[in-house]
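2 protein chains.
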Amino acid sequence: MSKITTGATMSLDGFIAGPNHTDGFDHLFAWYSAGDVEVPTGFPDMTFKVSEASAEHLRGLLERMGVLVCGRRLYDITSGWGGRHPMDKTVVVVTHKRPDDRPEDDENFVFVTTGIEDAIAKAREIAGDKDVGVNGGEIARQCFDAGLLDEVHVDLVPVFLGTGIPLLGQIKDGPVTLEGPTFVTQGKGVTHLAYRVVRK
Amino acid sequence: MSKITTGATMSLDGFIAGPNHTDGFDHLFAWYSAGDVEVPTGFPDMTFKVSEASAEHLRGLLERMGVLVCGRRLYDITSGWGGRHPMDKTVVVVTHKRPDDRPEDDENFVFVTTGIEDAIAKAREIAGDKDVGVNGGEIARQCFDAGLLDEVHVDLVPVFLGTGIPLLGQIKDGPVTLEGPTFVTQGKGVTHLAYRVVRK
Chain A
1 MSKITTGATM SLDGFIAGPN HTDGFDHLFA WYSAGDVEVP TGFPDMTFKV SEASAEHLRG
61 LLERMGVLVC GRRLYDITSG WGGRHPMDKT VVVVTHKRPD DRPEDDENFV FVTTGIEDAI
121 AKAREIAGDK DVGVNGGEIA RQCFDAGLLD EVHVDLVPVF LGTGIPLLGQ IKDGPVTLEG
181 PTFVTQGKGV THLAYRVVRK
Chain B
1 MSKITTGATM SLDGFIAGPN HTDGFDHLFA WYSAGDVEVP TGFPDMTFKV SEASAEHLRG
61 LLERMGVLVC GRRLYDITSG WGGRHPMDKT VVVVTHKRPD DRPEDDENFV FVTTGIEDAI
121 AKAREIAGDK DVGVNGGEIA RQCFDAGLLD EVHVDLVPVF LGTGIPLLGQ IKDGPVTLEG
181 PTFVTQGKGV THLAYRVVRK
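Those protein sequences? They're chains A and B, same order as listed.
Counting along the first sequence from 1, when you hit position 26 you're at 26 in the numbering used here, and nothing is skipped either side.
Counting along the second sequence from 1, when you hit position 159 you're at 159 in the numbering used here, and nothing is skipped either side.
It should be emphasised that the hints constitute simulated quantities derived from the structure, not laboratory data.
Beta carbons are placed, not taken as given, at the ideal position from N, Cα and C, and that holds for glycine.
Treat the hints with care, since some could be wrong.
Chain B regions said to be covered by chain A (calculated; three or more residues, Cβ under 8 Å) [as the list claims (entries may be wrong)]:
(1) 72 to 86
(2) 152 to 164
(3) 170 to 182
Taking beta-carbon pairs under 8 Å as the criterion, some of the chain B residues facing chain A (in silico) [stated by the list, open to error]:
(4) ALA8
(5) LEU12
(6) ASP13
(7) GLY14
(8) HIS27
(9) LEU167
Here are the simulated DSSO-like cross-link-like pairs (lysine-lysine), alpha carbons at most 27 Å apart as the crow flies [what the hints assert, rightly or not]:
(10) LYS172/B / LYS49/B
(11) LYS89/A / LYS122/A
(12) LYS122/B / LYS188/A
(13) LYS3/A / LYS122/B
(14) LYS172/A / LYS172/B
(15) LYS3/B / LYS188/A
(16) LYS188/B / LYS172/B
(17) LYS122/A / LYS3/A
Let the sequences and hints guide you as you build the complete structure.
Right, here's the structure in full:
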């Protein structure tokens, strides 16, 4: 059964990036090069080197993941990941207007201009039996608000950023309770956790 | 060897209380009554009911803890925990002025009016070989800033509060990197984690 998940590397104080969206990554993603086990990413020149526990976790995630969903900001910040996402998956991009420099028929990116529900429906269609991964914070939050999110994955790292972008965007109607963790694995410099979203 | 530690139950978004200091506790402390194993607190009318994993963790903490350190706000909010802290330990209170309604010679509370360093020195003296537990956020932060903190314990619970009081107070000079976790144990509705403070 296909699940709609979101996940991110998160600081101990709950941030998935520094306040400028692109800072703090050296601290947050230190665990991607903290170990000895190589995990290929789909790009020949980009390989993670993590602990065996993290490698097993990442391999499982990659295998279960059928498609990704992101917002236009993440797409723009990463310049469309140079043409294809490093996880080697199709990305459904939620946007107001599709970019001019992309073909209509593109196996790398599918642009949906009619909101999060249509984007998730499109993503489900592409994913088949596999999972749908939604990022970053604001899009995950929209997905959560629409009652579409099933699971939250957290890669918790031992740093306090002090300020930044929260995992699920700015929560206005908290507290929001989850179930779990349904999964806990300790890697080097990171604790992998998964939580189930409680249906309202 | 005596360690200076701080610890708290923390939401997934990094808060140890809601914005008014006393809210959010029903969500944060749900794990204290989520299990079947009773852990006495020193008060006959106050017993935690937690999972076996959490019980073992709490027993270990209680056994290692020699004395507690807190700020005047926490002391006032709890009305001096009704006369004695539920962990049945002496509390060193950092304050500008000692309260009028407490005896000078008191095994329950020791008031230190000359700052965090003197408070920790007094606490070490009382603790002997045992550990010193510092709470809440702002006092732990002062302790951390003074280079006196050895360990941070986090009881991570699956709730997003959205806003509130951060574990180490408001970090102005982040990022702050810790080592670990040195300890991970999964209880029911809570993940117990411990991190080592990196000496500057």
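Subject >> LYS172/B paired with LYS49/B [C-alpha distance capped at 27 Å] >> reply: violated (37 Å)
Subject >> Evaluation of the interface hint that places ALA8/B against chain A, nearest CB under 8 Å >> reply: Result: violated, 11 Å to nearest chain A Cβ.
Original post:
Has the stretch 152 to 164 of chain B got at least three residues whose CB is nearer than 8 Å to a CB belonging to chain A?
Top reply: holds (count 8)
Subject >> Cβ contact check, 8 Å cutoff: the stretch 72 to 86 of chain B against chain A, three residues minimum >> reply: Three-residue rule not met by the stretch 72 to 86 of chain B, so violated; n is 0.
Original post:
Does the CB of ASP13/B sit less than 8 Å away from some CB of chain A?
Top reply: OK, holds: ASP13/B within 8 Å of chain A, min 4 Å.
Original post:
Given the hint that LYS188/B pairs with LYS172/B, does the C-alpha gap stay at or below 27 Å?
Top reply: violated (34 Å)
Original post:
Close enough to count: is the Cβ of LEU12/B nearer than 8 Å to one in chain A?
Top reply: Holds. Min distance 7 Å.
**OP:** Decide if the proposed pair is consistent with the structure: LYS89/A and LYS122/A, CA atoms, cutoff 27 Å inclusive.
**Re:** Holds. LYS89/A to LYS122/A sits at ~14 Å (cutoff 27 Å).
Original post:
Hint check: is the beta carbon of LEU167/B less than 8 Å from a beta carbon of chain A?
Top reply: holds (7 Å)
Original post:
If you draw a straight line from the CA of LYS3/B to the CA of LYS188/A, is it 27 Å or shorter?
Top reply: Distance of about 24 Å is within 27 Å: holds.
Original post:
Against chain A, is HIS27/B within 8 Å by beta-carbon distance?
Top reply: Holds - the Cβ of HIS27/B comes within 8 Å of chain A, reaching about 5 Å at its closest.
Subject >> Pair hint LYS122/B and LYS188/A, alpha-carbon separation not exceeding 27 Å >> reply: Between LYS122/B and LYS188/A the Cα gap is close to 37 Å, so the pair fails against 27 Å, i.e. violated.
Comparing the model with each earlier hint shows violations of hints 1, 4, 10, 12, 13, 16; every other hint is respected.
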